[in-house]
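Protein chains in written order, with our numbering: chain A, 1 to 312; chain B, 1 to 312.
Derived from the structure by calculation, the hints contain no laboratory data.
Each statement offered as a hint is correct.
Which copy is meant is left open, because identical chains are indistinguishable; a pair holds if it fits in one copy or across any two.
Within a straight-line C-alpha distance of at most 20 angstroms, the following computed SDA-like cross-link-like pairs (lysine to any residue) qualify: (1) LYS306 - ASP163; (2) LYS306 - VAL164; (3) LYS306 - MET113; (4) LYS202 - ARG160; (5) LYS306 - ASP109; (6) LYS118 - GLU131; (7) LYS306 - ALA114; (8) LYS306 - PRO161; (9) LYS202 - ARG166; (10) LYS118 - ALA156; (11) LYS306 - ARG191; (12) LYS202 - LEU172; (13) LYS306 - GLY157; (14) LYS306 - GLY110; (15) LYS306 - PRO246; (16) LYS306 - ARG160; (17) LYS306 - PHE247; (18) LYS306 - ASP162; (19) LYS306 - PRO158.
Predicted model, so just to flag it, every value in this text is computed and none were measured.
2 protein chains.
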Amino acid sequence: MTSSHADTHVTLRELGLRDGLQMARSCPSTRQKREWIRIAHDAGVRHLEVGSFLPQDRYPHFADVRELIAQIGGLDDCVSSALALNERGVDDALATALDEIVLTVSATDGHSMANIGKTTEEALNLVRYTELARRLAGCRLRLVATIPVAFGCSIAGPVRPDDVIRLACTCLETGADAIAVADTVGYAGPRQVAGLCRSLLKRIGPTPLIVHLHDTRGTGIANAYAALEEGVRILDGTMGGLGGCPFAPGATGNIAFEDLVYLCERCGYTTGIDLEHLLGIIPIIRDSMPDETITGTLGRVGPPAKIPWSEQ
Amino acid sequence: MTSSHADTHVTLRELGLRDGLQMARSCPSTRQKREWIRIAHDAGVRHLEVGSFLPQDRYPHFADVRELIAQIGGLDDCVSSALALNERGVDDALATALDEIVLTVSATDGHSMANIGKTTEEALNLVRYTELARRLAGCRLRLVATIPVAFGCSIAGPVRPDDVIRLACTCLETGADAIAVADTVGYAGPRQVAGLCRSLLKRIGPTPLIVHLHDTRGTGIANAYAALEEGVRILDGTMGGLGGCPFAPGATGNIAFEDLVYLCERCGYTTGIDLEHLLGIIPIIRDSMPDETITGTLGRVGPPAKIPWSEQ
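Given only the sequences and the hints, what does the whole structure look like? Please build it.
Listed below in structure tokens is the structure:
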């Protein structure tokens, strides 16, 4: 994970098995999830978020998170990532071989309360707890603090860039190793993304900065382009563009991972990902999640046939 | 029509009633088209492409082009635009009150032959003919030369920027008043768009440069953003994202006009267009073109409710 501007390699985190499932009506079986991970890894994906540490009875979609983390542990050079929302989840995560734990620290109390039932300050306490717990456990678990609604909140309204930067710094002082800024409700425009990324990279670089975008209003890929051009080198997406947000009515999901791979390669960035191979995940989505809309375009049309579009 | 970088006003050309209809299985009635134009104009759209001058028996979708041109002639400060593919079409156009005639001069002979049955050189002859004919007619008709497949061709392959620039200059020497570069088959990426627009504006500015994009591979709005940031101030779109291309299998259509309005306003450009009012066109599309996919997002989710996204 680096965020040097000169470097043209981009790390893409595929979050379909976590962010892509949390609002879905149906979900892939464990066997299908394992196949998803295998195809992604074979295609060159090196960072997969595969679940949340939540009570299994209320969140059956994520009941197999430990098995998937173990699977990724057996793959060459691949980072497993998962979400925790409370101390119990953090403890459970520490008992696995998980590489990266994700904690959410919303830019607004309104979203934070609605999302995880904690104020932003209480969410910061979970970062402190995790920092302490991993140290006591002698564990190398990487800690990512995600800042939802960093570009505006569907509950609290506008969010000031300075407040996001201050919160990012507090997260880092509290123990986070990386910061993700998330356009949870799909409010961001590319100029705004460019501006916040520029300021954040200046302030927190070389700490890894992750940009997590949704495509609610058609600007998702443009926002990703703006982030890349400012020097961001870690971006999130979900295969097919799965996902959504309970606080953004009518919102489509995350930006489609396959379209993000194409964007990067089309612009001269390298991802190490074989797009054609990656598209083997699409039939798994179609089979196991028939009610979900696949917003990604590359699965339908493929890359341009007659022009070079990638350095690979 | 200006293309000064300092100016933040963007002219958006709505092409739904021409480019959006040419591959459609059904199409709005003349009454519905008139309503479409009325809503667009009321919303602030000042540039509408409303048909092609083609034989009515083979192209019934455009049989009412004269009536629509006459309608626009009666509206305040609104430019009517239409396509012609041959001398007969140009002659017919000159007999109307049309404001702007669009001629296509492909970047490759392969596309030009497949599209209009002429080589690029023969297409240039139509520009020469039109220049002469309008002068003889004493007519102020503006002449736009559109360069299809300016970012790569699904028949001939890669297209060199220098060749596009040279062709644009030839079109201007031959009589064109404005140049449009079109990503007809949806091959473009935003860095490529930025590069070509930068070179073209340097070479042909202050001649108006129009950028016409399709959203085949998810990069359409990112490409528009890249063009805007380079100083392009005239862009095309179709309501709902209607359209397609016979030479780009599986391709979705043009970039959605409503999403383009949102992008511009979200980035601090002004369009003079009331987005909410504009969305009144969507029900006309749903009613009259039930087989077409509406790719635009703003009709589904609307603009962000809680943050300022436009200067209006």
